[in-house]
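Dock chain B against chain A, hints included.
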Amino acid sequence: MATQPAGPSIASAQAGLVKEGGALPGRKRRGSAKQRSETLAAYLFLTPYLFVLCLFFFFVSLYGIGLSFFRIDLGFGAATFVGFKNYIQLFNQLANPGLSDFWTSMWNILKFTVCVVIGQTILALLLALLLQTIKTGKSAFRTMFYVPAVTSSVATSLIFLWLYNPNGLINYVLSLAGIHGPDWLNNVFWALPALMLLNIWSTAATFMIYFLAALQDLPTDVLEAAQVDGAGPWQSFSLITVPLLRPTIFLVVALGTIGAFQMFDQAKFMTNGQPLNSTLTPMLEIYNEAFNNGGFGQASAMSVILFLIIFVITILQRRMIDPGAQR
Amino acid sequence: MKRKITSFIPVVLVLGMLLLAACGTDGGTGNTDMHGNNGVNQQGIASGNSYINCPGSTNTTAASAESGTVTLTVSGWTSTPAEDALVQKNLQNFEASHPTIKVKWSPISGDYTTKMRANVASNSVPDVFYLQPSMSSAYISAGKLLNLSPYMAQDNVKASDYYAALSNPFVCNAGQVFGLPKDWNSLGVFYNTQMFKDAGLAAPTANWTWSDLQKDAKALTKNAGKSDATYGLILSADLSRFGPFLLANGGSILNKDGSQVIFNKQAGVDALNYYDSFFKNNTATLPTTVGATWNGDAFGKQKGAMTIEGGWLIPSLQSTYPEVKYDIAPLPRTASGKQANLTFTNAWAASSSTQHPEAAWELIKYMTGSTVQESQLNAGFALPTLKSLANAPYFATHPGFKTLFDAASYSYADYYGAQDSTIHTVLSNAIDAVILNKQNAQSALDDAAAKINNQLQSS
Numbered sequence: 001m002a003t004q005p006a007g008p009s010i011a012s013a014q015a016g017l018v019k020e021g022g023a024l025p026g027r028k029r030r031g032s033a034k035q036r037s038e039t040l041a042a043y044l045f046l047t048p049y050l051f052v053l054c055l056f057f058f059f060v061s062l063y064g065i066g067l068s069f070f071r072i073d074l075g076f077g078a079a080t081f082v083g084f085k086n087y088i089q090l091f092n093q094l095a096n097p098g099l100s101d102f103w104t105s106m107w108n109i110l111k112f113t114v115c116v117v118i119g120q121t122i123l124a125l126l127l128a129l130l131l132q133t134i135k136t137g138k139s140a141f142r143t144m145f146y147v148p149a150v151t152s153s154v155a156t157s158l159i160f161l162w163l164y165n166p167n168g169l170i171n172y173v174l175s176l177a178g179i180h181g182p183d184w185l186n187n188v189f190w191a192l193p194a195l196m197l198l199n200i201w202s203t204a205a206t207f208m209i210y211f212l213a214a215l216q217d218l219p220t221d222v223l224e225a226a227q228v229d230g231a232g233p234w235q236s237f238s239l240i241t242v243p244l245l246r247p248t249i250f251l252v253v254a255l256g257t258i259g260a261f262q263m264f265d266q267a268k269f270m271t272n273g274q275p276l277n278s279t280l281t282p283m284l285e286i287y288n289e290a291f292n293n294g295g296f297g298q299a300s301a302m303s304v305i306l307f308l309i310i311f312v313i314t315i316l317q318r319r320m321i322d323p324g325a326q327r
Numbered sequence: 001m002k003r004k005i006t007s008f009i010p011v012v013l014v015l016g017m018l019l020l021a022a023c024g025t026d027g028g029t030g031n032t033d034m035h036g037n038n039g040v041n042q043q044g045i046a047s048g049n050s051y052i053n054c055p056g057s058t059n060t061t062a063a064s065a066e067s068g069t070v071t072l073t074v075s076g077w078t079s080t081p082a083e084d085a086l087v088q089k090n091l092q093n094f095e096a097s098h099p100t101i102k103v104k105w106s107p108i109s110g111d112y113t114t115k116m117r118a119n120v121a122s123n124s125v126p127d128v129f130y131l132q133p134s135m136s137s138a139y140i141s142a143g144k145l146l147n148l149s150p151y152m153a154q155d156n157v158k159a160s161d162y163y164a165a166l167s168n169p170f171v172c173n174a175g176q177v178f179g180l181p182k183d184w185n186s187l188g189v190f191y192n193t194q195m196f197k198d199a200g201l202a203a204p205t206a207n208w209t210w211s212d213l214q215k216d217a218k219a220l221t222k223n224a225g226k227s228d229a230t231y232g233l234i235l236s237a238d239l240s241r242f243g244p245f246l247l248a249n250g251g252s253i254l255n256k257d258g259s260q261v262i263f264n265k266q267a268g269v270d271a272l273n274y275y276d277s278f279f280k281n282n283t284a285t286l287p288t289t290v291g292a293t294w295n296g297d298a299f300g301k302q303k304g305a306m307t308i309e310g311g312w313l314i315p316s317l318q319s320t321y322p323e324v325k326y327d328i329a330p331l332p333r334t335a336s337g338k339q340a341n342l343t344f345t346n347a348w349a350a351s352s353s354t355q356h357p358e359a360a361w362e363l364i365k366y367m368t369g370s371t372v373q374e375s376q377l378n379a380g381f382a383l384p385t386l387k388s389l390a391n392a393p394y395f396a397t398h399p400g401f402k403t404l405f406d407a408a409s410y411s412y413a414d415y416y417g418a419q420d421s422t423i424h425t426v427l428s429n430a431i432d433a434v435i436l437n438k439q440n441a442q443s444a445l446d447d448a449a450a451k452i453n454n455q456l457q458s459s
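Heads up: the protein sequence lines correspond to chains A and B, in order.
Residues 1 to 327, numbered by UniProt numbering, are exactly what the first sequence covers, in order.
Residues 1 to 459, numbered by UniProt numbering, are exactly what the second sequence covers, in order.
The set of hints was computed from the structure by calculation and includes no laboratory data.
Keep in mind it's a predicted model, so treat the numbers as computed, not measured.
Heads up, the beta-carbon is just placed ideally off N, CA and C, and yes, glycines get one too.
Relax, there's no trap hidden among the hints.
Not the full set, but computed from the structure, chain B residues with beta-carbon under 7 Å of chain A:
| no. | residue |
| --- | --- |
| 1 | Thr114 |
| 2 | Thr289 |
| 3 | Ala433 |
| 4 | Lys451 |
This is chain B alone, in the form it adopts within the complex:
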């Protein structure tokens, strides 16, 4: 029965899957300093992620290339047909340029993390596979992943070639790298240009503020509460959307060593009250209230003029709602001019028990390299993780992508250590409770904090 359910999910949430594929369920270290990597020059070593313990033992040297032809088993989750086709094409290109390495691509449909967990328990992990940030802490600390640092040092691939918020979720506290980010996305305010025009509003500027967002949402809301309502803003009760507001306001999810949550301090309460103000003023709606499955679906159905989503919404709108005219603005700043954003990324990683570590590394290097990343960007699927692609020609013709990409400098990973999934669920529930008027912001966050701290201490 469970198998049936999981394989059914993509059918219902076709668009939701797209989101999942693009961003996974979460991203990286919320409170880690973005520029932590800059001081570190040693090749292949990052500055370290204090939330992830290093494994007891791991490979410290790079294996040399094997003679003869080897075959790698490679797994990832399935995405949209177009994105799957691109992955396969890139894997074929890899085979063509590496004649001694064959790739056996066996994608996993349905609940990826659960199936991978079963693979780990039965010792049948693929040689190379996609790694979500929510998986990384357990996989790294238990020594399930190949240490890539020796290979990176050998081939002159620096951790600092990648944006720190993107590589950090896959790095342990001593700085060894166990996965390289394959692509990423950030959040932006998608706005319906036609509705802005009809309401006589100017397009949001790069420096717009929290109160501008409130004013615009108010001006754009029509017939709130009725069945033909259009709302100014479509918001979901989700930590992965609320996070930027918390962080911009100076709040944080975890304390420095990750032993306690601190989101229920004043900065967090104020941010949640701001987030909820759209609901209290009837200028925002949950996507489900207007019969949509997720924010992007409601935006495509034009139930609201703005929504906060990531780059995965672009191809989804193109294929499902091509008639919607929209543009992308950066997330608004606080009154004091502060900005924050979240990164959603996934990595390529190799199993520590692979028989062909050198070939596995070759594949990871290729799939996270600039050729593949530019092909993904040009297809409009995701942003490149390499700093060297910041000026790719595609950005000149696609300013929306550039807006999302520019968030790299003020972004944090949406990833909170070993209890990441608990933190996401519990905090999202707290946000929901406030939006649904079941609790005020302070008591909802206090309850959530008590619950999560409990979990942090007992584990």
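Bound conformation, chain A alone:
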């Protein structure tokens, strides 16, 4: 879709309307020739990107799917074809998921994704509404809110590593209130929620921009009509604004879900999956399996399963949140 030059074709259609009907066949031929050359130009402009996309995305994805049918330790000996054995092994582990790192990581990421997506969507919407209503210092606040999104995730992880330290700032503040804070990142119960909080904080800013753009595009006449009809601020928000934001909410939730499912950096950098695998994510497990255990085939099978799960969930979300979109 994105490759079709929509603008010019509309323009040429309008030009056709102005002309007399008799010239239609000739116009069509001329128009399609023009269209062809425009399409060609578009593809030419896209070539560098398409090349990179094909090489580093499609080729690599297909290669990965292929790898999942082999037992291979890259660089150390030839690959042996094992069919679906890698997948069968993974699904056999479902018999006792507590003993399987992969299914433990799947359960972790499911909890993580649900909390993070809900948290970041609500926070992003609130921040956007806040910015929408603020009159003075709007751009200053927008910059402040956006800082986490442009900070390297390793840097934010490092900051939170200190905040979550048992003698860190968070526990100091808690101790002022008389609460003995936990050792956040080494506590089986708190480690994952601690990473969730960090993730919500650092990703909400990006999605805030999406909401802000959508809010500015909302038709003001509908809101004004609602006001005339006597709707209060809450009613116009929940009955007018939110339904109109549906496409954006879907976009934010879908992107958030995909991003959350692929969480790797904080888990690797801050906890390395510990304590007791409570922060082990599928991406980290895939990395460990491939690069620490040399099981590239098994790791590829895990990635394929992860991809299918994300794919299915995204489709379901589209059905639920944005039913109008599927025509």
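Only chain B this time, still in chain A's reference frame:
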């Protein structure tokens, strides 16, 4: 992103890196007989490591010296600035004494094993490089390493010149040697002499026992659970610290041929219960609980009176916590007087595809020889792997080093074959589960055994 993370790790875990550099992540064959080498007299051939298959084909003869000047690419991981400087100085000394060989030192910062794996996959392995025990099984069996045995035979370097627990991780089951240990360390009980004095305790003796350790830890613990607590002992949930207790108690990680794990037998369960008793009695703490990154960090911050660490803690304390007064005791014995320890070692190895095998061997011979090893000892970085350096003058003035070095006679390599990294992760998690009261010792070890056996069978 991954690259950023890995290059960041040294920044956060400056001290942790030191530990990594000194011991790698693991060491050698836990269950191999220490004295296995003594019966073998053939030059350059060790008794063999049953956990590592020999490669399908390998060089059986030594290449002769090349004419003209050759350049070797040499890689290792980066360590502390002081240790890096010593490596470079020794490499320069090698160049000076071998005028036809130039050395291009290109150290790898960050995740060494992962980057080397990428090098292997893309066929750009350096001529000579550091080899960790966790890498050796894959590299040796796939024929990625130069067989050093013919060169050792030619130059009269015997495998038995080195301590068996140190050379074993780099030897395949037929006894060919693919790497020579460059240095090593063992574990000891580091104890804070001031805290012992304050508590009115006598210093640990060479023959102290498991129950002595428990009693001392109890006497040294103050305000457990409070924010100003000092604990008797700082322990980590780590197989590389728990291992000596398992082995001293008569347990073992793997069975003889390495096909199954057997650590969940009674000896292992009892050892884990002992290890955990310090936590159940509130006389020990995990380093992270007191806001430290690792055992040595917590010991330096004086959050505890004792900890179990290796010789890498000595230079680290010197540079970061010079005010701490400490001494080193050997690991305690069981009630029946048994002792065990772990060795942490790394080797110099050469690529099988090197264009200059003879020059590569010259470098390995020099870097694992007595001159370089004594320079490392004198700098206080690591222990020498050569038996001939057992009476180096440095030991007379540094009794702590001598204590660590003497463990060579009752040590096992912290290395468990092809599934080494899985075994370390899974068992360390089991230890953690017991310490955190999530499982009892028996069920945690049973679960871990099931998981690892699964992996052993499927590979």
